[in-house]
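J.: Protein chains in written order, with the numbering used here: chain A, 1 to 236; chain B, 1 to 327.
Since the hints were made in silico from the structure, they are not lab data.
These figures come from a predicted structure and were not determined experimentally.
Think of the CB as a built atom: it goes at the ideal place given N, C-alpha and C, for glycine as much as any other residue.
Careful: at least some of the hints might be erroneous.
As the list claims (entries may be wrong) - Each computed DSS-like pair below joins lysine-lysine, with the alpha-carbon atoms no more than 30 Å apart:
#1 A:Lys156 x B:Lys71
#2 B:Lys110 x B:Lys71
#3 A:Lys204 x A:Lys156
#4 B:Lys107 x A:Lys9
#5 B:Lys103 x B:Lys3
#6 B:Lys123 x A:Lys156
#7 A:Lys234 x B:Lys103
#8 B:Lys152 x B:Lys3
#9 B:Lys206 x A:Lys9
#10 B:Lys107 x B:Lys123
#11 A:Lys234 x B:Lys233
As the list claims (entries may be wrong) - Derived contacts from chain B toward chain A, CB cut-off under 10 Å, selection only:
#12 Cys49
#13 Asp64
#14 Arg98
#15 Lys208
To be verified - Interface residues of chain A toward chain B, partial, derived using beta-carbon atoms under 7 Å:
#16 Thr6
#17 Arg10
#18 Ile13
#19 Gly14
#20 Phe17
#21 Pro19
#22 Ala26
#23 Ser77
#24 Thr79
#25 Glu81
#26 Met82
#27 Thr85
#28 Ala86
#29 Lys234
Okay, here's what each chain looks like letter by letter:
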Amino acid sequence: MGGTTTIFKREMIGFFFSPVAYIVIALFLIFCGYFFATLLALTQQATLAYSLANTQFILSILAPVITMKLLSEEVRSGTIEMLVTAPVTDFEVVFGKFLAAWFLYLVMLAPTLLYVVFLKWVGDPDMGPIISSYIGLALMGAMFISIGLLMSSLTKSQVVAGVLGIVTLVLLFFIGYAVSDTEVWYAAAFQYIGTYGHWESFTKGLVTTSDVVYYISMTSLCLFITVRIVESRKWR
Amino acid sequence: MIKVENLSKRYADMLAVDDISFEVHEGEVLGFLGPNGAGKSTTMRVLTCFIPATLGFAWVAGYDVFTDSLKVREQIGYLPENVPLYLDMRVNEYLMFRAELKKVPRKDRKSRLGECIERCGVKEVQNQMVGTLSKGYRQRVGLADALINDPKILILDEPTIGLDPNQIRQVRQLIKELGEKHTILLSTHILPEVEMVCGRVIIIDKGKLVANDTPANLLTQLEGGSVLKLQAKGPEKRIAQALKGLAGVTSVLEEAHDGAVKHFMIETGKDRDIREDIFRTFVKNEWVLLEMQKVPVTLEDIFHQLTTKEEVVAVEEESEKSGVGIG
Chain A
1 MGGTTTIFKR
11 EMIGFFFSPV
21 AYIVIALFLI
31 FCGYFFATLL
41 ALTQQATLAY
51 SLANTQFILS
61 ILAPVITMKL
71 LSEEVRSGTI
81 EMLVTAPVTD
91 FEVVFGKFLA
101 AWFLYLVMLA
111 PTLLYVVFLK
121 WVGDPDMGPI
131 ISSYIGLALM
141 GAMFISIGLL
151 MSSLTKSQVV
161 AGVLGIVTLV
171 LLFFIGYAVS
181 DTEVWYAAAF
191 QYIGTYGHWE
201 SFTKGLVTTS
211 DVVYYISMTS
221 LCLFITVRIV
231 ESRKWR
Chain B
1 MIKVENLSKR
11 YADMLAVDDI
21 SFEVHEGEVL
31 GFLGPNGAGK
41 STTMRVLTCF
51 IPATLGFAWV
61 AGYDVFTDSL
71 KVREQIGYLP
81 ENVPLYLDMR
91 VNEYLMFRAE
101 LKKVPRKDRK
111 SRLGECIERC
121 GVKEVQNQMV
131 GTLSKGYRQR
141 VGLADALIND
151 PKILILDEPT
161 IGLDPNQIRQ
171 VRQLIKELGE
181 KHTILLSTHI
191 LPEVEMVCGR
201 VIIIDKGKLV
211 ANDTPANLLT
221 QLEGGSVLKL
231 QAKGPEKRIA
241 QALKGLAGVT
251 SVLEEAHDGA
261 VKHFMIETGK
271 DRDIREDIFR
281 TFVKNEWVLL
291 EMQKVPVTLE
301 DIFHQLTTKE
311 EVVAVEEESE
321 KSGVGIG
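Kindly produce the complete structure, drawing on both the sequences and the hints.
T.: Set out below in structure tokens:
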């Protein structure tokens, strides 16, 4: 596991050296601030549920931007050769990068805790849904990041990786959203695969096993496939 | 320390390495020579576990590169061909990261870092971003990276490419010093480099091993068959004819004209001194012999001969048809 920590540290340097991390964080906070302020003024309710509900779509777009260069750039610039000829396993490489991106994602969420402080100050918010929302955001982030990382392993181009990630996540969002009120036979399957329904229950204060299992298993699956793809240089 | 047995590597449509076998012994500096695209980098990538072989086996420090890849990677320091480095880190930051990745014990990291920075001459740039460094400095950072875990085996792919003459000299000196403590496999297509730093040479061409010997032995192998350079005045066609007719001459090549002075290159078979015969031929025909010089064989000639055989034959046939005096 030593390799994971080392890769994690290196990627943190990479993130904060490039402007991408700052731009992503700034965009996210601008959107969140806008939703928070307008929805608060509109509803006059001390709740985060509405504004956090809107973050899912923004995160579907921003998470792949965080991850897009993680593996694609290694392959394009050739640094992958230096990396995997050092005594680290492919899993350590992938997992270290995943943790770094997830950490950045959590750092990005952190300032929104100020809204909670603010709500506490002006009103009496129900803390249940707020806490469950943050648990949901963290889990959802892990899944988004792992999907983005998977896309990054598929191509040499950052841009292609980013677009693939965004398309996949937006698709996963709508696949559940579109069938949410219909009763066609495949609706249940689509709803389970899609990200929308799972996230919705967290915003209502529900932390269900089914949703937690969904996020964790999707994350594990994507990381597993990513490791295989990094390994695939050995049998191509 | 390194053992390669019947190794082949096939990419989608081409055979990059074709059934090569060789060994590198402990403490040896082995030069891995070949024209561009001969399969040097591919072989090195197999040895460093970056890509697997299609067929055959390779062991590094006693570990199989395919089944014991992690163990192998702990034993080696590798400098890939184009020295891919993270451009967004400072030199000392990068080397510290590499030391950690290569499992250098925490307490030794600082001292290893200091030593490698000093040895590879990157001290003055240690706080600079790797991305701002020149090619020469990047090459040296790569070398420091290869050395950081004090590996038993160094695999260096074209370590002097892209350096200026002074830097080349420094790096060669460094490799020479390192050769005292480490086993080194070094690829290059620069021949003086091999003569200077390597104890033994293997030459590969189009994926095949064509020679495996010490530089000195390779030289003596060809020394017998030597090359003579002539300058003469007279009818060049007839001179060429006559030279070709001498016993022991394998080829006669007419070189540039210099007014009335004609230049010839004569290749002779092994252990044959035909200088006297040439002299007598000239006297008999009353041609004027201005200069006769024995050209010493260099590693360059051997390399050329071993790696361009087919082309030379083709050229000779071609010129025979057009009748431009080649024997």
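J.: Now tell me, hint by hint, if it's right for this structure.
T.: Results for each hint:
no.: 1; hint: A:Lys156 x B:Lys71; verdict: 29 Å, holds
no.: 2; hint: B:Lys110 x B:Lys71; verdict: 24 Å, holds
no.: 3; hint: A:Lys204 x A:Lys156; verdict: 40 Å, violated
no.: 4; hint: B:Lys107 x A:Lys9; verdict: 18 Å, holds
no.: 5; hint: B:Lys103 x B:Lys3; verdict: 25 Å, holds
no.: 6; hint: B:Lys123 x A:Lys156; verdict: 34 Å, violated
no.: 7; hint: A:Lys234 x B:Lys103; verdict: 24 Å, holds
no.: 8; hint: B:Lys152 x B:Lys3; verdict: 15 Å, holds
no.: 9; hint: B:Lys206 x A:Lys9; verdict: 42 Å, violated
no.: 10; hint: B:Lys107 x B:Lys123; verdict: 21 Å, holds
no.: 11; hint: A:Lys234 x B:Lys233; verdict: 64 Å, violated
no.: 12; hint: Cys49; verdict: 6 Å, holds
no.: 13; hint: Asp64; verdict: 14 Å, violated
no.: 14; hint: Arg98; verdict: 7 Å, holds
no.: 15; hint: Lys208; verdict: 24 Å, violated
no.: 16; hint: Thr6; verdict: 5 Å, holds
no.: 17; hint: Arg10; verdict: 5 Å, holds
no.: 18; hint: Ile13; verdict: 6 Å, holds
no.: 19; hint: Gly14; verdict: 6 Å, holds
no.: 20; hint: Phe17; verdict: 4 Å, holds
no.: 21; hint: Pro19; verdict: 11 Å, violated
no.: 22; hint: Ala26; verdict: 20 Å, violated
no.: 23; hint: Ser77; verdict: 6 Å, holds
no.: 24; hint: Thr79; verdict: 4 Å, holds
no.: 25; hint: Glu81; verdict: 5 Å, holds
no.: 26; hint: Met82; verdict: 6 Å, holds
no.: 27; hint: Thr85; verdict: 4 Å, holds
no.: 28; hint: Ala86; verdict: 5 Å, holds
no.: 29; hint: Lys234; verdict: 5 Å, holds
In summary, the numbered hints that this structure violates are 3, 6, 9, 11, 13, 15, 21, 22.
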